[in-house]
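With the working numbering as the guide, the letters of the sequence shown map in order to residues 1 to 273.
Don't read these hints as lab results, they were simulated from the structure. It should be emphasised that the depicted structure is a prediction, and the values quoted were computed from it without experimental measurement. Incorrect hints may have been included.
Claimed, not checked - List of simulated lysine to any residue pairs, SDA-like, C-alpha gap at most 25 Å:
| hint | residue 1 | residue 2 |
| --- | --- | --- |
| 1 | K272 | L83 |
| 2 | K272 | A85 |
| 3 | K272 | I111 |
| 4 | K272 | R51 |
| 5 | K272 | A38 |
| 6 | K272 | L71 |
| 7 | K272 | W32 |
| 8 | K272 | R89 |
Stated by the list, open to error - Label-pair ranges, simulated between beta-carbon atoms:
| hint | residue 1 | residue 2 | range |
| --- | --- | --- | --- |
| 9 | D88 | R181 | 28 to 36 Å |
| 10 | A147 | R96 | 16 to 24 Å |
| 11 | S270 | F92 | 27 to 35 Å |
| 12 | M165 | A209 | 48 to 56 Å |
| 13 | G201 | R96 | 42 to 50 Å |
All C-beta atoms, glycine included, are put in the ideal place defined by N, C-alpha and C.
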Amino acid sequence: MPEGQEPARTPQQLVMTLLGSYVHPRETRRVWSGGLVALLQELGFSDGAARIALTRLVRGGLLARHREGRLVHYALTRRTVALLADGDRRIFGLGRGEREAGTWTVLWQNIPETRRPAREQLVRRLRFLGFGPVQDGTWLAPHDREAEVLELLAELDVTGYAGLMLGTPSAGLDVRRFAGRAWDLDGLSARYDAFVTEFGGCPRELPDAEAFVVRTRLVHAFREFPSLDPELPAELIPVPGRRAAAVELFHDRYRTLAPAAQRHFDRALSPKQ
1 MPEGQEPART
11 PQQLVMTLLG
21 SYVHPRETRR
31 VWSGGLVALL
41 QELGFSDGAA
51 RIALTRLVRG
61 GLLARHREGR
71 LVHYALTRRT
81 VALLADGDRR
91 IFGLGRGERE
101 AGTWTVLWQN
111 IPETRRPARE
121 QLVRRLRFLG
131 FGPVQDGTWL
141 APHDREAEVL
151 ELLAELDVTG
161 YAGLMLGTPS
171 AGLDVRRFAG
181 RAWDLDGLSA
191 RYDAFVTEFG
201 GCPRELPDAE
211 AFVVRTRLVH
221 AFREFPSLDP
231 ELPAELIPVP
241 GRRAAAVELF
251 HDRYRTLAPA
261 AQRHFDRALS
271 PKQ
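Make the full structure from the sequences, and use the hints.
Here is the structure:
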C-alpha cells in the first residue's frame, strides 16, 4: 500500500472481513446471499456492487455457490478457511507479548513476468507477514519467519525463484535507521493514533445494528496493521505506546461488541419467509 493511502474498503474486502468475524464454524456454515447483500448495503455499498463482489469471490475460488430451492447460499472454500486462519494468527497476535527481534529473515525473489499474478500475491502475503522491501526483489522481516515463508512459496509454486536466509544484524549497524528504510515507522505511529482517535470514543455496548457496523469497521481498519507493522521491538519504534493503545482498544471493543454484532449478523442471514 502506498504511503499515506487509506485502506480501500471494497465490497470484496468487506465480505472477507464479515466471513472472518461472524461465520462460525467456517468449515460448514452456509450464508444466505440476500443477507450478505443487505449487510453490505448497511456498510455503504449498493445492491449491484455487493452482488458483483460475491460473484468475483466465487470466480476467485474464495466462495462456493449453492442453490437451495429458490435461495442462493455461499460456503467458504478450503482456501478461504486457511487464509482466514492465517489472518487470525497475525491480527490477534499483533502486539501481544514483546519479544526481541533476535534472528532476522531475508528473502529475495526473481519471479518472471510470466508468473506476475503469483509475484503480486507473494508481495501481498509477505507484507502481511511483516516483511518490508529493502530493494527490488529483496524483503526483510524481524524474527524467524522461515516456516511461514517456505509454506507460502510452496503454496504459490515459486520456491525455485526465491532464496531465504536467516541471520543477525552486524553490531555496527544502526538497526533503527535501517528499519526506517524498509517500513514507514512514523506513518505507522500516526495510523495507530488515528485508529485510537476513531474508535476510542465508541461505547462498549451498543444496539445490535449499530454494534455490527462499528465492530465490522473496527476489524476492517485493524486488519491493515499486520501489513504495515513488522513488530519491531519497542526500542526501535518511534512511539511504542501508540501501538499498545491501539491493540488494547481493538481487543476490548472486538470482545464487548461481539454478542450484539453477532445477533444482528445472524438475524440478517436468516432468509425471510
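Going through the hints against the structure:
{"no.": "1", "hint": "K272 with L83", "verdict": "violated, 31 Å"}
{"no.": "2", "hint": "K272 with A85", "verdict": "violated, 31 Å"}
{"no.": "3", "hint": "K272 with I111", "verdict": "violated, 50 Å"}
{"no.": "4", "hint": "K272 with R51", "verdict": "holds, 18 Å"}
{"no.": "5", "hint": "K272 with A38", "verdict": "holds, 12 Å"}
{"no.": "6", "hint": "K272 with L71", "verdict": "holds, 10 Å"}
{"no.": "7", "hint": "K272 with W32", "verdict": "holds, 10 Å"}
{"no.": "8", "hint": "K272 with R89", "verdict": "violated, 36 Å"}
{"no.": "9", "hint": "D88 with R181: 28 to 36 Å", "verdict": "holds, 30 Å"}
{"no.": "10", "hint": "A147 with R96: 16 to 24 Å", "verdict": "holds, 19 Å"}
{"no.": "11", "hint": "S270 with F92: 27 to 35 Å", "verdict": "holds, 28 Å"}
{"no.": "12", "hint": "M165 with A209: 48 to 56 Å", "verdict": "holds, 51 Å"}
{"no.": "13", "hint": "G201 with R96: 42 to 50 Å", "verdict": "violated, 24 Å"}
Of the numbered hints given earlier, the model fails hints 1, 2, 3, 8 and 13; all others are met.
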